[in-house]
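S.K.: What follows is each chain in one-letter form.
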Amino acid sequence: MAKVQGAIVVDTDRCKGCEVCIPACPTEVIGLANEVNGKGYHYAYMANPDACIGCANCAIVCPDGVISVYKVKKVA
Amino acid sequence: MMDIKDIVKEENLVYTKTKLMTDNILSYCPGCGHGTAHRIVMEVIDELGLQSQTVGIAPVGCSVLAYDFMNIDMIQAAHGRAPAVATGVKRTMPDKYVFTYQGDGDLAAIGTAETIHVCNRGENITMIFINNGIYGMTGGQMAPTTLEGMKTSTSPYGRDLKSMGNPLKITELIAQLPGTYYVTRQAVHTPAAVRKTKKAVFKAFEVQKEKKGISFIEIVSNCNSGWKMSPVKSNEWMVEHMFPFYPMGDIKVDGELVKSNKAEVKS
Ligand SMILES: Cc1ncc(C[n+]2csc(CCOP(=O)(O)OP(=O)(O)O)c2C)c(N)n1
Ligand code: SF4
Ligand code: SF4
Ligand code: SF4
Ligand SMILES: [Mg+2]
Numbered sequence: 001m002a003k004v005q006g007a008i009v010v011d012t013d014r015c016k017g018c019e020v021c022i023p024a025c026p027t028e029v030i031g032l033a034n035e036v037n038g039k040g041y042h043y044a045y046m047a048n049p050d051a052c053i054g055c056a057n058c059a060i061v062c063p064d065g066v067i068s069v070y071k072v073k074k075v076a
Numbered sequence: 001m002m003d004i005k006d007i008v009k010e011e012n013l014v015y016t017k018t019k020l021m022t023d024n025i026l027s028y029c030p031g032c033g034h035g036t037a038h039r040i041v042m043e044v045i046d047e048l049g050l051q052s053q054t055v056g057i058a059p060v061g062c063s064v065l066a067y068d069f070m071n072i073d074m075i076q077a078a079h080g081r082a083p084a085v086a087t088g089v090k091r092t093m094p095d096k097y098v099f100t101y102q103g104d105g106d107l108a109a110i111g112t113a114e115t116i117h118v119c120n121r122g123e124n125i126t127m128i129f130i131n132n133g134i135y136g137m138t139g140g141q142m143a144p145t146t147l148e149g150m151k152t153s154t155s156p157y158g159r160d161l162k163s164m165g166n167p168l169k170i171t172e173l174i175a176q177l178p179g180t181y182y183v184t185r186q187a188v189h190t191p192a193a194v195r196k197t198k199k200a201v202f203k204a205f206e207v208q209k210e211k212k213g214i215s216f217i218e219i220v221s222n223c224n225s226g227w228k229m230s231p232v233k234s235n236e237w238m239v240e241h242m243f244p245f246y247p248m249g250d251i252k253v254d255g256e257l258v259k260s261n262k263a264e265v266k267s
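Top line first, the protein sequences correspond to chains V and R. With my numbering applied, the first sequence has no gaps in its numbers, which climb one by one up to 76 at the end. With my numbering applied, the second sequence has no gaps in its numbers, which climb one by one up to 267 at the end.
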């Protein structure tokens, strides 16, 4: 059981759906939405949110810098 | 499991885009490494607290608009002339941190003379060199850096060394010059590569602070549009084809060529 839990927030209007974040995630959290944003891109979202450990790997490789990462230590 | 809204709170924030990147939407194609490279440089300047003391020189190429994205003082130079402009800025304002940000067409084709002489003079500046082996901006033409056999719009059957010449390792070349103090080759396609590149940029600014001469960082990057691949595929292609010819790692440290490169230069 992981001792930390994370979450990402994608600025969906600015995401370009490039998928570079997807292989960067060690726990396969990220997928592309079926919906598109205003620019017509399928944007990234947490398809598997419970698996996020808040490592920020996705955010540091995102060319457009649209991912913010949050992390908490879990109590028990 | 905690609820997402209990995690997504200001006090739990561990990473977000630096304020030294403006909120302008990047003009780059989806998945292009230019954006990642911009952000790494801006994060380092932010973390060093040098926002008001740094001047960046943008090139001609896809990153011609870098001044719209980097929230610091910027000048946009004529094609290939960024190191000459940087020389002028640094000499008139020696206390400023000055860096150029250039593509391979800019730095290793039209600007070859500037690159070599600035490196040979050992101007006290930092050069960030984005090598995607192609002229991205103008439609994917062959560059001096294009690999043997690589298809571009001007080498549609692949680069033929006999008629088109050899790919140029300008980074190994300038490492030979006495004016260069720190020369390294990095990438930005994975989290580990991003962390290494960031360390290299920190080191480059440290070298500039100590007035040791040129600190030069090549970043081997993708041009998924020019290479006609998806972004993820282009990063895989880059690892498979670009890295063997443009190997990752330090080439010159503290003014000394690293061992493996001494050997390579001879052969
Ligand atoms: C004097 C001059 N010659 C040619 C051009 C056309 N031109 C614009 S960008 C470019 C090549 C840019 O390639 P590179 O530096 O590799 O940048 P990239 O777009 O790949 O990042 C060329 C030849 C120009 N703008 N000015
Ligand atoms: S890397 Fe960034 S822009 Fe690309 S799909 Fe992921 S969140 Fe979107
Ligand atoms: S923070 Fe880490 S675990 Fe969470 S989505 Fe991003 S890469 Fe995956
Ligand atoms: S053309 Fe190539 S270098 Fe230019 S933004 Fe697109 S992918 Fe990047
Ligand atoms: Mg290029």
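Hints are computed from structural coordinates only; laboratory data are not their basis. These numbers come from a predicted model, not from an experiment. Heads up, a few of these hints could be off.
[What the hints assert, rightly or not] In the PhoX-like style, the derived pairs of lysine-lysine whose C-alpha atoms are separated by at most 25 angstroms in a straight line are:
hint: 1; chain 1: V; residue 1: K71; chain 2: R; residue 2: K196
hint: 2; chain 1: V; residue 1: K73; chain 2: V; residue 2: K3
hint: 3; chain 1: V; residue 1: K39; chain 2: R; residue 2: K233
hint: 4; chain 1: V; residue 1: K39; chain 2: R; residue 2: K17
hint: 5; chain 1: R; residue 1: K198; chain 2: R; residue 2: K162
hint: 6; chain 1: R; residue 1: K96; chain 2: V; residue 2: K39
hint: 7; chain 1: V; residue 1: K73; chain 2: R; residue 2: K233
hint: 8; chain 1: V; residue 1: K71; chain 2: R; residue 2: K199
hint: 9; chain 1: V; residue 1: K71; chain 2: R; residue 2: K17
hint: 10; chain 1: R; residue 1: K212; chain 2: R; residue 2: K19
hint: 11; chain 1: V; residue 1: K3; chain 2: R; residue 2: K162
hint: 12; chain 1: R; residue 1: K196; chain 2: R; residue 2: K212
hint: 13; chain 1: V; residue 1: K71; chain 2: R; residue 2: K233
hint: 14; chain 1: V; residue 1: K73; chain 2: R; residue 2: K5
hint: 15; chain 1: V; residue 1: K3; chain 2: V; residue 2: K74
hint: 16; chain 1: R; residue 1: K162; chain 2: V; residue 2: K74
hint: 17; chain 1: R; residue 1: K96; chain 2: R; residue 2: K162
hint: 18; chain 1: V; residue 1: K71; chain 2: R; residue 2: K9
hint: 19; chain 1: V; residue 1: K74; chain 2: R; residue 2: K212
hint: 20; chain 1: R; residue 1: K96; chain 2: V; residue 2: K71
hint: 21; chain 1: R; residue 1: K212; chain 2: V; residue 2: K3
hint: 22; chain 1: R; residue 1: K151; chain 2: R; residue 2: K162
[What the hints assert, rightly or not] A short, non-exhaustive set of chain R residues, derived as facing chain V with CB atoms under 10 angstroms:
hint: 23; residue: L26
hint: 24; residue: P30
hint: 25; residue: L177
hint: 26; residue: H189
hint: 27; residue: T190
hint: 28; residue: P191
hint: 29; residue: K198
Idealized CB from N, CA, C, for every residue including glycine.
S.K.: Holds or violated: is the Cβ of R:P191 closer than 10 angstroms to a Cβ in chain V?
M.R.: holds, 4 angstroms
S.K.: With chain V as the partner, please determine if R:L26 meets the hint condition of a C-beta pair closer than 10 angstroms.
M.R.: holds, 6 angstroms
S.K.: Are R:H189 and chain V close enough, Cβ to Cβ, to be under 10 angstroms, as the hint says?
M.R.: Check passed: Cβ of R:H189 comes within 7 angstroms of chain V, closer than 10 angstroms.
S.K.: Mind checking the alpha carbons of V:K71 and R:K196 for me, to see if they're no more than 25 angstroms apart?
M.R.: holds, 23 angstroms
S.K.: Is the straight-line distance between the alpha-carbon of V:K39 and that of R:K17 25 angstroms or less?
M.R.: holds, 21 angstroms
S.K.: Does the closest beta carbon of chain V sit nearer than 10 angstroms to the beta carbon of R:K198?
M.R.: holds, 8 angstroms
S.K.: Holds or violated: are the alpha carbons of V:K3 and R:K162 at most 25 angstroms from each other?
M.R.: Measuring from Cα to Cα gives roughly 59 angstroms; hence the hint is violated.
S.K.: For the pair we were handed, R:K162 and V:K74, check the Cα-Cα distance against 25 angstroms.
M.R.: Measuring from Cα to Cα gives roughly 63 angstroms; hence the hint is violated.
S.K.: Assess, step by step, whether the Cα of R:K151 is no farther than 25 angstroms from the Cα of R:K162, and give holds or violated.
M.R.: holds, 15 angstroms
S.K.: Is V:K71 within 25 angstroms of R:K17, Cα to Cα?
M.R.: Holds, at roughly 16 angstroms.
S.K.: Does the structure keep V:K71 and R:K9 at a Cα separation of 25 angstroms or less?
M.R.: holds, 9 angstroms
S.K.: Would you mind confirming whether the straight-line C-alpha gap from R:K96 to V:K39 stays at or under 25 angstroms?
M.R.: violated, 39 angstroms
In summary, the structure is inconsistent with hints 5, 6, 7, 10, 11, 13, 16, 17, 19, 20, 21 and 25 from the numbered list given earlier, while agreeing with the others.
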